[in-house]
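Residue numbers (my numbering), protein chains in the order written: chain A, 388 to 499; chain B, 3 to 117.
Check the hints yourself; a few may be wrong.
[To be verified] Derived, one-sided and incomplete: chain B residues facing chain A with beta-carbon distance under 7 Å:
1. L45
2. P100
3. P105
4. N110
Worth flagging that the hints you see were computed from the coordinates, not collected in a lab.
Values in this document were obtained by computation on a predicted structure and should not be read as measured data.
Backbone N, C-alpha and C fix where the C-beta goes; we use that ideal spot for every residue, glycine too.
Each chain is listed here by its residues.
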Amino acid sequence: GQQVMQIPQYQHVQEGEDFTTYCNSSTTLSNIQWYKQRPGGHPVFLIQLVKSGEVKKQKRLTFQFGEAKKNSSLHITATQTTDVGTYFCAGPDGAGSYQLTFGKGTKLSVIP
Amino acid sequence: DVKVTQSSRYLVKRTGEKVFLECVQDMDHENMFWYRQDPGLGLRLIYFSYDVKMKEKGDIPEGYSVSREKKERFSLILESASTNQTSMYLCASSLDPPGSASPLHFGNGTRLTVT
Numbered sequence: 388g389q390q391v392m393q394i395p396q397y398q399h400v401q402e403g404e405d406f407t408t409y410c411n412s413s414t415t416l417s418n419i420q421w422y423k424q425r426p427g428g429h430p431v432f433l434i435q436l437v438k439s440g441e442v443k444k445q446k447r448l449t450f451q452f453g454e455a456k457k458n459s460s461l462h463i464t465a466t467q468t469t470d471v472g473t474y475f476c477a478g479p480d481g482a483g484s485y486q487l488t489f490g491k492g493t494k495l496s497v498i499p
Numbered sequence: 003d004v005k006v007t008q009s010s011r012y013l014v015k016r017t018g019e020k021v022f023l024e025c026v027q028d029m030d031h032e033n034m035f036w037y038r039q040d041p042g043l044g045l046r047l048i049y050f051s052y053d054v055k056m057k058e059k060g061d062i063p064e065g066y067s068v069s070r071e072k073k074e075r076f077s078l079i080l081e082s083a084s085t086n087q088t089s090m091y092l093c094a095s096s097l098d099p100p101g102s103a104s105p106l107h108f109g110n111g112t113r114l115t116v117t
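Model the full structure from these sequences, guided by the hints.
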């Protein structure tokens, strides 16, 4: 079945430093979705990318979808303590599929 | 705003008990999902439903069943709870299939402990 790998598993940064998490799929994806889970919370949808090479920004967060639609990244500029949490990427098993496979997530800690 | 409500935040059950986890969504979404989340293993799909009375197995359906008698409600049933089913259970709903770029909306989760 499809596999979605995410690295790193953990990242500790000083407040103000940048952060990047990478996501790789074993298959070509119709879209990729990113979620954030705060400590003690539930995953919350951040964004989805659909087009090859697509780049989207949300304030300090930049999301990219690879040209081959098999990899993606999330970059946070100048981290803040409010960025703490686990970031998950997720890809469907196919176009129109109901099954969404999640990466294991990158847990971000921000040292004030 | 979509609201997905799970009936219990914490639950403690004994081995062998039948356990019901309830989930209700208020946005008339067609699709509902049950995931479990474990440290080091991430989120894994147990079952999903794309219509009333329709259900499909996910990646780890063994030991679980589901019920969807009404569009807004999706129940996860542990027929005979075992200690390896101790986990965080997350319910989610979506308007369209995730493969059509439709996001999942998650409930707050139920942390189940089986002793």
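Verification of the hints:
no. : hint : in the structure
1   : L45  : holds (4 Å)
2   : P100 : holds (4 Å)
3   : P105 : holds (4 Å)
4   : N110 : holds (5 Å)
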